[in-house]
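Trainee: Take a look at the letters that make up each chain.
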Amino acid sequence: MPTDVRDPGSRRARAAWVVVLVTVLTAVVAACGVTRGADEADNRRLRMMIPNSPGGGYDLTGRAAARVMEDDGLTGRFEITNVIGASGTVAMQRLLNEREADDLMLTMGLGVVGAVYTNRSDATVDRATPLARLVEESEGLLVPSDSPFTTVEDFVKAWKADPGSVSIGGGSSPGGPDHLFPMQLAQAVGVDPREVNYVAYDGGGPLTTALLGAKIDVGTSGLGEFEGQIAEGSLRVLAVSGEERLETVDAPTLKESGVDFAFSNWRGVLAPPGISDEQRDALVTLLEEMQDTDAWRDELERNGWTDAFQTGAEFEEFLVSQDARVEDTLKELGLV
Amino acid sequence: MDMLLDGFATALTPINLLYACIGVLLGTSVGVLPGIGPAMTVALLLPVTYNVSPEGALIMFAGIYYGGMYGGSTTSILLNTPGESSSVITAIEGNKMAKAGRAAQALATAAIGSFVAGTIGTVLLVALAPSVADWVVNLGAPSYFAIMLLALVAVTAVLGDSKLRGFISLALGLSIGLVGTSTGQPRLTFGNSLLADGIDIVVVAVAIFAIGEALWVAAHLRRRPLEITPVGRPWMGRADWSRSWRPWLRGTAYGFPFGALPAGGAEMPTFLSYITERRLSKHPEEFGHGAIEGVAGPEAANNASAAGTMVPLLALGLPTTATAAVILASMQSYGLQPGPGLFDNEPELVWGLLASLFVANTLLLVLNLPLAPVWAKLLRTPRPYLYAGILFFASLGAYSVNFQWFDLLVLLAFGLLGLAMRRFALPVLPLIIGVILGPQLEYQLGQALQLSEGDWTTLLSEPVAVVAYVVIALIVLVPLVARLRGGGTDPLEKELDDLEKEVRP
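If you read the sequences in order, they're chains A and B.
Just so it is clear: in the first sequence, position 130 is 130 by the working numbering, and no numbers are missing.
If you count the second sequence from 1, you need to add 1000 to reach the working numbering.
Take the hints with a grain of salt, since some may be wrong.
Stated by the list, open to error - Derived CB-CB ranges, DEER-like:
(1) A:Arg127 with B:Leu1416: 35 to 45 Å
(2) A:Ala214 with B:Gly1454: 15 to 25 Å
(3) B:Asn1192 with A:Ala214: 31 to 41 Å
(4) B:Asp1002 with A:Ala214: 34 to 44 Å
(5) B:Gln1185 with A:Arg127: 18 to 28 Å
(6) A:Ala214 with B:Leu1484: 38 to 48 Å
(7) B:Leu1484 with A:Asp162: 22 to 32 Å
(8) A:Gly258 with B:Phe1190: 43 to 53 Å
(9) A:Asp162 with B:Ala1473: 30 to 40 Å
(10) A:Gly73 with B:Leu1416: 27 to 37 Å
Said to hold, decoys possible - Sample of chain A residues at the chain B side, in silico, Cβ under 7 Å:
(11) Gly55
(12) Ile80
(13) Ile84
(14) Thr89
(15) Ser121
(16) Thr124
(17) Ser147
(18) Lys160
(19) Ala161
(20) Gly164
(21) Pro174
(22) Gln184
(23) Val189
(24) Gly205
(25) Thr208
(26) Gly228
Honestly, the hints are just simulated from the structure, not real lab data.
All C-beta atoms in this analysis are idealised placements derived from N, C-alpha and C, irrespective of residue type, glycine included.
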């Protein structure tokens, strides 16, 4: 029988429901809140900011690094937050806003350098404190198995003859590594980057679809996500972009194929501006210790990353040169 | 068949059953909360997999995925606050049912529909995955564009009694869909990089549905007598069953193929299912006031699409949704390479996973069906508390995505829009459809034209596209011809008359 809420007999039931509601909501809040408390006094608490969503490249790198540092007892617990927005520009802005915060690191990489420019943000990477470069990933030139291109030479020949007719797809938006690679390659072989027909796909999945369905002629991407298709022969790799061949993929480098050009997607760690030299050195030492562990070597192998550890002035120079090169490429494209 | 039985042997070991349970529970709870979805949950659990067997981890992830598809419906129905984009459509009829005292029936038809669709979808997956996957990659941007155009034409059926108001609402939705830098140029971002990725459909839906309504109720609290939500019967009656089973099956028929298509997703089939049920229903007058078909169809569709997603994932290593992409990453971290070889190389794992999908589905039903009448009683909470709870819940969900106060501002701004839409009797559905379809339509058109170097004939270059255009032509021309013949009882006209009582406050 229906019971009226205002019926005094159901008042207790009503109170019970309010209690249930409050308990559920509190539990939800507790589950979402960032974990504070339970602090070990002698261990430092650090924060790691990730500029894209869970499961992405920066996320995998940043979380792996934080996990190794925690598990090997190099530091206390890490509080990891994903700050998503504008391909990393939002996170970069937030890092710069936290001036002098000596407990914060941001995992970033080539894509963030480019995104800052394409989003016309002034949160450029040279304003932060560089800590270390961690890993490098080669890009690959992928074609469907029945593509007319069998070597880089075939591709470059067709590309030079009519740049617009060769469609190139990548898994990143303009300014990201999959976009910068073909543009800089175009500059290297003498094709006007503005004539490159680049199609941006939303990550590796849609790009795989387009390649398997031969909707695009060439794909540019890191090769980790394509190992299955490459092994079974539905996709072929014309060349890898790095200085050296990959162990996992049987393909020449660009240089071996007669194109004097090398390109790597890299990821590293920055700290906010304004921290003291001692604070910076402490964080760099921590990362150096992490890089020296077996656990980190396992992570590198598991994820197919190349170790590209670099700190100090070297990394700072590298950042400056990357920044300038990306800006130059994007300027030529009219995107800056 | 033997292999599937072996799969059940794997899935039903106590430890794997435990993982399935954990997955389903986790999935349901993250599905409930707007902002946190199954993709993020699986990604955050990736490190856990290092200490768990591959079977256990994948079984848990599949449970999270299925659970997430179901969990979103509970808050859609009870609180008008969709937890996932795939359950936005469910809120439209589901919450109206709840207000009419039929929350338990809405929850039950959602639970059983999800079970039916998930089970049929999984059967289709087992039957089709090894063979059918190859053709899905042949659909290109022209086909997707045509299918989405078809969906947009179908929107005209839900514009409501006032065409002008319907189109205003649609235009608002399409404008919201423009926000962002997806074309390479910033549009409507006002120089704010927080708007560069556009506005999440879940935030829009929660704001318009839940915040808008809470504000509306607050604005009228003193002027109108308190409406008490009647308490209905706890279980589905015979009429509910007979009105639900066809929508379940039709929803499955929409959901599975869309899930399997690389650019299909779960939103499109829920929307198409809703439109279809509305056209086919024997009780069209109930739509907008809580028609059970409008819950049964879309809820079946979203679960069937989750099953469909597994087809390209397992057979080609092709992730078609964010959740599938993260599941793929976890498989790769075990050194497993999805693709045609997977069924031969890892039969125990694959069939164990498929069997566990059946198990997850059954668990969801067992967990959720008895809870339906219990949840329904939540609505007896006095309205001030209830709406305070809804506001809190919605804000928490919007904030938890990114820990940005800006997102709360967006939520509130769209909440005010929702209030204004109620004030001026603008229907909500066209706006939601505009937000979902607009960006995708533009993206597919742009991509098709870019690949053809600006040649418009490319739009007719794929058979699926041509079929879609023929259907569009029929939808537009048939009523027109009927009217020209002076038949008088134009079916569309009649339907529009029936829809006079459109979603109104």
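Trainee: Confirm or reject each hint.
Mentor: Verification of the hints:
Take arginine 127 of chain A and leucine 1416 of chain B: their Cβ atoms lie about 37 Å apart, and the range 35 to 45 Å holds. Checked against the given bound of 15 to 25 Å, the beta carbons of alanine 214 of chain A and glycine 1454 of chain B, roughly 20 Å apart, stay inside it. For the pair asparagine 1192 of chain B and alanine 214 of chain A, the beta carbons lie near 39 Å from each other, so the given range of 31 to 41 Å is met. The hinted range of 34 to 44 Å is satisfied by aspartate 1002 of chain B and alanine 214 of chain A, whose Cβ atoms lie roughly 37 Å apart.
For glutamine 1185 of chain B and arginine 127 of chain A, the hinted distance range of 18 to 28 Å is satisfied, since their beta carbons lie about 25 Å from each other. Taking 38 to 48 Å as the suggested C-beta distance range, the pair alanine 214 of chain A and leucine 1484 of chain B conforms, at roughly 45 Å. Checked against the given bound of 22 to 32 Å, the beta carbons of leucine 1484 of chain B and aspartate 162 of chain A, roughly 50 Å apart, lie outside it. Hint check: glycine 258 of chain A to phenylalanine 1190 of chain B, Cβ distance near 48 Å, so the stated range 43 to 53 Å holds.
Checking the proposed 30 to 40 Å range against aspartate 162 of chain A and alanine 1473 of chain B shows it holds: the Cβ atoms sit about 36 Å from each other. A C-beta distance of roughly 51 Å is found between glycine 73 of chain A and leucine 1416 of chain B, which places it outside the suggested range of 27 to 37 Å. A distance limit of 7 Å between C-beta atoms decides the matter here; for glycine 55 of chain A the minimum to chain B is near 4 Å, and the interface restraint holds. The criterion of a C-beta within 7 Å of any C-beta in chain B is not met by isoleucine 80 of chain A, whose closest approach is roughly 9 Å, and the hint is violated.
With 7 Å as the threshold, the beta carbon of isoleucine 84 of chain A comes within range of chain B, its nearest partner Cβ sitting at about 6 Å, so the hint holds. Hint status for threonine 89 of chain A: holds, given a least beta-carbon distance of 5 Å to chain B, under 7 Å. Evaluation of the serine 121 of chain A hint against chain B yields a held restraint, the C-beta minimum of about 6 Å falling below 7 Å. For threonine 124 of chain A, the shortest C-beta to C-beta distance to chain B is roughly 13 Å, which exceeds 7 Å, and the interface hint is violated.
Because the closest C-beta pair between serine 147 of chain A and chain B is about 15 Å apart, greater than 7 Å, the hint is violated. Taken as an interface hint, lysine 160 of chain A does not check out: its beta carbon lies about 17 Å from the nearest beta carbon of chain B, beyond 7 Å. Interface hint at alanine 161 of chain A: violated, since its Cβ lies 15 Å from the closest Cβ of chain B, which is beyond the 7 Å cut-off. Interface restraint check: glycine 164 of chain A against chain B, minimum CB-CB distance 6 Å, threshold 7 Å, status holds.
A least Cβ separation of about 5 Å between proline 174 of chain A and chain B falls short of the 7 Å threshold, and the interface hint therefore holds. About 18 Å separates the beta-carbon of glutamine 184 of chain A from the nearest beta-carbon of chain B, more than 7 Å, and the hint is not met. Given hint, valine 189 of chain A at the interface with chain B, is violated; its Cβ is 21 Å from that chain's nearest Cβ, farther than 7 Å. Hint status for glycine 205 of chain A relative to chain B: holds, with the closest Cβ pair at about 4 Å, below 7 Å.
At a threshold of 7 Å, the smallest CB-CB gap from threonine 208 of chain A to chain B is about 6 Å, leaving the interface hint in force. With a least beta-carbon distance of about 4 Å to chain B, the hint placing glycine 228 of chain A at the interface is held under the 7 Å criterion.
The structure does not agree with the numbered hints 7, 10, 12, 16, 17, 18, 19, 22, 23 stated previously, though it agrees with the rest.
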